[in-house]
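Colleague: Listed here are the chains, written in short residue letters.
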Amino acid sequence: MLLNEFLLLGAVLFCIGVYGVIARANGVMVLMSIELILNAVNINLVVFSVMNNDIAGQVFALFVIAIAAAEVGVGLAIVLVIYRNRKSIDLDQVDLMRG
Amino acid sequence: MLLLAAVEQNADAPDLVAQNIAFGLIAFMMVVSAIKVVTTKNVVHAALYLVLVLAGVAAQYVLLAAEFLASVQVLVYIGAIVVLFLFGIMLTRAPIKGEEEHTRNWIGGAVTAVGLAALLGYTLIDQYGSSKLPEEVGIGRAEVLSDSIFSTYLFPFEVVSILLTAALVGAIVIARKD
Numbered sequence: 752m753l754l755n756e757f758l759l760l761g762a763v764l765f766c767i768g769v770y771g772v773i774a775r776a777n778g779v780m781v782l783m784s785i786e787l788i789l790n791a792v793n794i795n796l797v798v799f800s801v802m803n804n805d806i807a808g809q810v811f812a813l814f815v816i817a818i819a820a821a822e823v824g825v826g827l828a829i830v831l832v833i834y835r836n837r838k839s840i841d842l843d844q845v846d847l848m849r850g
Numbered sequence: 008m009l010l011l012a013a014v015e016q017n018a019d020a021p022d023l024v025a026q027n028i029a030f031g032l033i034a035f036m037m038v039v040s041a042i043k044v045v046t047t048k049n050v051v052h053a054a055l056y057l058v059l060v061l062a063g064v065a066a067q068y069v070l071l072a073a074e075f076l077a078s079v080q081v082l083v084y085i086g087a088i089v090v091l092f093l094f095g096i097m098l099t100r101a102p103i104k105g106e107e108e109h110t111r112n113w114i115g116g117a118v119t120a121v122g123l124a125a126l127l128g129y130t131l132i133d134q135y136g137s138s139k140l141p142e143e144v145g146i147g148r149a150e151v152l153s154d155s156i157f158s159t160y161l162f163p164f165e166v167v168s169i170l171l172t173a174a175l176v177g178a179i180v181i182a183r184k185d
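First to last, the protein sequences are chains A and B. For reference, each letter of the first sequence is one residue, going 752 to 850 in the numbering used here. For reference, each letter of the second sequence is one residue, going 8 to 185 in the numbering used here.
What the hints contain is simulated information worked out from the structure, not anything from laboratory work. Among the hints, erroneous ones may be present.
Claimed, not checked - Partial list, computed: chain A residues near chain B (C-beta under 10 Å):
hint, residue
1, 755
2, 756
3, 757
4, 758
5, 772
6, 775
7, 800
8, 813
9, 819
10, 840
What the hints assert, rightly or not - Quick look at which bits of chain B chain A covers, simulated, 3 or more residues with Cβ under 8 Å:
hint, region
11, 55 to 67
12, 123 to 132
Glycine residues also receive a C-beta, built at the ideal position from the N, C-alpha and C atoms.
I would like the entire structure built from these sequences, with the hints used as guidance.
Modeller: Okay, structure coming up:
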């Protein structure tokens, strides 16, 4: 198999995730898009690990998965608090600190 | 487009046909589902499409002979993170029936994403145009992975476990009512 198939798949997933982060206003949807981005990164790590016959890439993919779990936990807690305080998770309305 | 380019490049590599067909099918499913994740109005459907993408990633890991990562992907992502998302959707009563959720700046997002895809695609094709993966994948067995984690990467591993504990406590402190 070609290395590029996997790299291009990762690139496409990454770009879709970036679109989601920019275009969606719902806080939960932004977190989901971040998951897409992290998965694209993981595909790259694993395919380079196979390419270079070095296990380090897969170890780092495991770390990325663990940190993604932590990130989703804290992120959803924050979204929950925003919802409780403002009855909405529209990120455009969370602009108290805008100058 | 990028995937079509990859498939075209692949035409002169007739070996491993089954793997290439499997890759193409799974990759197509993943890209379609990912687009649905970021475009569908129904938040619950988005979470379910996310399951398809994550399962596709796990299948790609199997194709790359990284079985342990594939099982971790299924356990942690599909088993835990998607359930967390569904809880988040339930607790925030996000607009489920495609009510408003005004999309903000989707033109800017689309331009950024397409530009980034073009840039990345050009760079990748230019750099790795015909690099082939080794046919016999010698690594990826859980044994090698665990040896590496518990020797070379022992300290980062412990740091990650502390981070997970801290994130757990932090999430509870942030979200609890009082």
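Colleague: Run every hint past the structure and note whether it holds.
Modeller: Hints, one by one, checked against the model:
1. 755: holds (5 Å)
2. 756: Holds, because the Cβ-Cβ distance from residue 756 of chain A to chain B comes to roughly 5 Å (cut-off 10 Å).
3. 757: Result: holds, 7 Å to nearest chain B Cβ.
4. 758: Status holds, d = 5 Å.
5. 772: holds (8 Å)
6. 775: Check passed: Cβ of residue 775 of chain A comes within 7 Å of chain B, closer than 10 Å.
7. 800: Constraint on residue 800 of chain A satisfied, holds at 7 Å.
8. 813: holds (6 Å)
9. 819: holds (7 Å)
10. 840: Holds, because the Cβ-Cβ distance from residue 840 of chain A to chain B comes to roughly 5 Å (cut-off 10 Å).
11. 55 to 67: Our answer is that it holds, as 5 residues pass the Cβ test (under 8 Å) against chain A, meeting three.
12. 123 to 132: Since three or more residues must qualify, the claim that chain A covers the region 123 to 132 of chain B holds, with 6 doing so at under 8 Å.
This entry satisfies every hint, going by the numbered hints stated previously.
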